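Put together the whole structure using the sequences plus the hints.
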Amino acid sequence: AMVHSFLIHTLCPVGALSCTESRVLYSRVFGADLTQTGPAGDREQESEARRLLQKEQLAVVARRQVRSVCALQREAAGRPGLHETGAVLGEEEAALQEADSGVLRLAEGDPFPREHTVVWLGVQALGFVLVCEAHENLLLAEGTLRSLARHCLEHLRLLGTGSEVLLKADRIEVLLHRLLPHGQLLFLNHRFKHSLDKELGACLAR
Numbered sequence: 001a002m003v004h005s006f007l008i009h010t011l012c013p014v015g016a017l018s019c020t021e022s023r024v025l026y027s028r029v030f031g032a033d034l035t036q037t038g039p040a041g042d043r044e045q046e047s048e049a050r051r052l053l054q055k056e057q058l059a060v061v062a063r064r065q066v067r068s069v070c071a072l073q074r075e076a077a078g079r080p081g082l083h084e085t086g087a088v089l090g091e092e093e094a095a096l097q098e099a100d101s102g103v104l105r106l107a108e109g110d111p112f113p114r115e116h117t118v119v120w121l122g123v124q125a126l127g128f129v130l131v132c133e134a135h136e137n138l139l140l141a142e143g144t145l146r147s148l149a150r151h152c153l154e155h156l157r158l159l160g161t162g163s164e165v166l167l168k169a170d171r172i173e174v175l176l177h178r179l180l181p182h183g184q185l186l187f188l189n190h191r192f193k194h195s196l197d198k199e200l201g202a203c204l205a206r
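Residue numbers (this note's numbering): 1 to 206.
No wet-lab data here; the hints were simulated from the structure. Wrong hints could be hidden among the right ones.
Claimed, not checked - Distance condition first, Cα-Cα at most 16 angstroms in a straight line; then the derived EDC-like pairs of lysine to aspartate or glutamate:
1) 168 <-> 154
2) 198 <-> 154
3) 55 <-> 110
4) 193 <-> 110
Unchecked claim - Here are the computed distance ranges between Cβ atoms for each label pair:
5) 135 <-> 28: 16 to 24 angstroms
6) 53 <-> 77: 33 to 41 angstroms
7) 191 <-> 76: 34 to 42 angstroms
8) 181 <-> 42: 41 to 49 angstroms
Because the structure is a prediction, the values reported are computed rather than measured. Built from N, CA and C at the ideal position, the CB exists for glycine as well.
Right under this line is the structure:
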């Protein structure tokens, strides 16, 4: 079970962003790239070009796919618009329970070369997203995403403006290493999940 990438992005404007824009606050792409050959300078250029392409692809997922679907879902349910939703620190658990969620299919070439599936959660002003292989186990992916979002919200206090994400990237890396090692979805029984939660709680509280 493999995940292509994980990202956290805004669902409402930050500063000068317009209402139709979304800012990627954190992203991690998994999976080894193909072995490159040729002069070191060429490899560096290829690596930088690939990094920029990945950044643009994830921005498309955040802005055009997840943000627009979440806005439509909230509008249809008669809930506040994305730019009107107020975040209250200390209410992370309630915010997660009320989160919008969904699954999107990304067609081949839009924006990735192969077809992918996106599992997303909209928690107030923040979007949490897993981009998965096309035929991924969606229940497992959603469970993993909820665990990641819960730990981010409870231990890293990411509600508020969302800008705190930028300062806590190393903590998010710790979470990913335990809950999504190398992009691998884990089947966790209740007992192991409970002990992992305790371990992460102690680790992130430092």
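List, from low to high, the hint numbers that the structure doesn't satisfy.
4 and 8
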